[in-house]
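The listed protein sequences correspond, in order, to chains H and E.
Residue numbering for the first sequence follows my numbering, starting at 62 and increasing by one per position.
Residue numbering for the second sequence follows my numbering, starting at 62 and increasing by one per position.
What the hints contain is simulated information worked out from the structure, not anything from laboratory work.
Do not take every clue at face value.
Since the list gives no way to pick one copy over another, a pair counts as held whenever it fits inside one copy or between any two copies.
Taking lysine-lysine and the DSSO-like style, the derived pairs with C-alpha atoms no more than 27 Å apart in a straight line are [claimed, not checked]: (1) Lys390 with Lys127; (2) Lys310 with Lys188; (3) Lys122 with Lys87; (4) Lys306 with Lys97.
Spelled out from the first residue to the last, the chains are:
2 protein chains.
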Amino acid sequence: MDNKKNEAICRRDDDFAKWYTDICLKAELMDYSSIKGFIIYKPYGYAIWELIQKEYDKKFKQTGHKNVYMPLLIPESLLKKEADHVEGFAPECAVVTKGGLDDLEENLIIRPTSETLFCELYSKTVKSYRDLPKLYNQWCSVVRWEKTTRPFLRGSEFLWQEGHTIHETEKEAREETLKMLKIYSETAKDFLAIPMVTGKKTEKEKFAGALETYTMEALMYDGKVLQSGTSHYFGQGFAKAFDIKFLDKDNKWNYVYQTSWGLSTRLIGAIIMIHGDDNGLILPPKVAPTQVIIIPIRQENEEVLKKANELKEKLLKKNIRVEIDNSDKTPGWKFSEAEMKGIPLRIEIGPKDIENNKCIVFKRNDYTKQEVSLDSNFEQKIKQILYDIHNEMYEKALKNLNDNTFETKDYEELKNILNTKGGFVKVPWCGDLKCEMKIKEEIGATSRCIPNDNTEDKCICCGKKSKHDVYFAKSY
Amino acid sequence: MDNKKNEAICRRDDDFAKWYTDICLKAELMDYSSIKGFIIYKPYGYAIWELIQKEYDKKFKQTGHKNVYMPLLIPESLLKKEADHVEGFAPECAVVTKGGLDDLEENLIIRPTSETLFCELYSKTVKSYRDLPKLYNQWCSVVRWEKTTRPFLRGSEFLWQEGHTIHETEKEAREETLKMLKIYSETAKDFLAIPMVTGKKTEKEKFAGALETYTMEALMYDGKVLQSGTSHYFGQGFAKAFDIKFLDKDNKWNYVYQTSWGLSTRLIGAIIMIHGDDNGLILPPKVAPTQVIIIPIRQENEEVLKKANELKEKLLKKNIRVEIDNSDKTPGWKFSEAEMKGIPLRIEIGPKDIENNKCIVFKRNDYTKQEVSLDSNFEQKIKQILYDIHNEMYEKALKNLNDNTFETKDYEELKNILNTKGGFVKVPWCGDLKCEMKIKEEIGATSRCIPNDNTEDKCICCGKKSKHDVYFAKSY
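The following block holds chain H by itself, in its conformation from the complex (with noise of 0.2 Å):
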């Protein structure tokens, strides 16, 4: 029974595309509305983004960041402040033109992004260098009108963080850039168990706005790559656009250097297509909602129920999330459920085992059963397959990148390893545009991130100096 797909979604080697929305529907991550693009995010889904909020959350208040909330809607005119940035986000925009009966004097548009918000308060508030730096952060839900949506990867309307921060100087704001990404990279690995390719974005690639995008990109199952995470260094360009000017230590006037990242609900996606399989959604254990589920066999026997109730509250001594299901549904039904939901860890608990003291425990990720005794280091014992699970993901999904990250100087080579394999090819590039577009309009292909300069080799596409290495991936 290892290994066996369940029915009722579609293998991953069949359709990806298809096993992705499967997954969404089934595990009950969401469901559709009826506005194209807008998603329901159901108890489960949502609880998954409720942990990934509490643990991104604590990192940024431990680095000092503190949350505001600033109106959902933006004046067009002070959308069109800043003129990279509204040519960036005018064709997204949801447009509000009456309120209360009456139409507006103005149009409203839907926060596709708070930066011009940010902006507005920041030119209000801030005179001094005493006042610096100013470290902001918002979650919320933003609007951007899109043509083709995905559950969780692409979405008209979607939840996430943006973080607004205002410096003193070049240096600081440059240093909360990088140490944002580091950040989302780091905590990705220790709580999503997902290894991130870390960068910065091409001109071509960069928020519309930005000096420079910095990312992180994640590889998926079927070969392509999810940005996840971007942090964007302004350095003085909204600053000068929304008059934000300080007192310096010298008693001048100067602009403020500006950062701003986000990250959404993409990181759903980016965990089902890294971890999931052919019988459903594999949560690593620290995003669970429900790190184990204790599953009765023979329950009509009461002293089943109480043994399981028993371990139980152990686990929750513990602070390990746990349920049990005594519902009324076969055992195999049960595991099935369980398994489609991604649980990482069961327990199945008989009469037998009882007699034996002991329970048989089950990994999500690897299919490989257990028995562990109940005897006074059963908790203990739990909390260490629980952490070894989350290690286990982690190194698996690691050997998958690793294993298709690959590296190449020959345009065909190129073309034929994102042609078949997929993955990240890292090339040296010359840095012109012309040739980042041929790449894409030639082999469908992407640049996802410079990792490093390269000023040692030949620019892959037209042969010239190159300038830096570039990762190019097919991608989401």
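For this one, chain H is given, so just place chain E on it according to the hints.
Leaving out everything else, chain E in the frame of chain H:
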């Protein structure tokens, strides 16, 4: 210096409305945005909301509720499905007519509340009594286009939670409605130190689409009353409009019985207007982002800052939210700032105090000072004082409520009380809308809630046999 007025804000008794907005701004709870009725929740104000959220969310989860997230936008046709509901909300709608440069085929409404979205989901997903109850809740912002707006009290956008539940039987749904009202008011007491008056709304004042609305109402310092949370029993009205049917235990089709309940950032307004004074905000300890502020006296003395940090570490270990103000302002200035922000407890520590192994503890709520020894009992003593502050604040608010809750059977007296003292006035009422409207028009007071039936008296207005007692008050 005790009770001395802080010059930065208006006196409560001079102009209560101005005093209120002064505090909102000077305590840095919020700021205005460029759109009327859309406020910015600044870090200190938002931190208060996060604490309120956390506490209520815990209570909701303990009683089996699960969080979800529904779309921001509602198709106009969906909002129109329940006749009373759309009539109530249509005049307040913000309407999206364009998305991604194109005119939309159907207008979309920014959610003013999400009954219709939950109904749509439930009608799709519920088929059997086994699927019931569904106990869902959502934390989000909603938009209702308001003509007159005030920070936290009435905004075109505000933050809230909305619970939406469906049940197999009327009995269960009615119990849920009352259970949530109880959780609302008990948590207001235990967490916010606010005594609530609870009861049923009249037909006129109930929620658009509800069969019954229950409310908790709080008395502000100025004698006016603030509706602070409502819980609605819908019966099967929405279920029939949205076709939410299930096969019951007898294998017959039946419509579900439904509730919804909501509370909002209005509670921040209640905290300000109930507890605050002429020197600023006064926060009940449990909802204070900073519970204790340590202000070093002669901080240029190294020993002083060292000791201050030592005390901070001790309190942190007891999970007390504590900060040191070691800025270069004078102690007197720091005192004023901490008072403005309503920090419940201030510790002053200087060289002489260290010599005597003690500190000075100042209670924000009653301006008393006491010496507290820095011995091994220190943390416990501080915890106890915070605990006392909560109780004292609640008792003070309760006394004010009791002192300003009246009862009369005489129309002129009702008028006189409401026009001079304010407060709640309990009167017998026939249940007729005409009498309710007469009081509203002649006295400017509205029915707040029905605490109990009363068929023993005569209606205070028309003299016919009474049906209920009802509380009248002037209100926000």
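Hints and how they fare:
1. Lys390 with Lys127: between (47 Å within a copy, 23 Å between copies)
2. Lys310 with Lys188: within (12 Å within a copy, 68 Å between copies)
3. Lys122 with Lys87: between (35 Å within a copy, 24 Å between copies)
4. Lys306 with Lys97: Answer is between; shortest inter-copy Cα gap is 25 Å, intra-copy 42 Å.
This entry satisfies every hint, going by the numbered hints stated previously.
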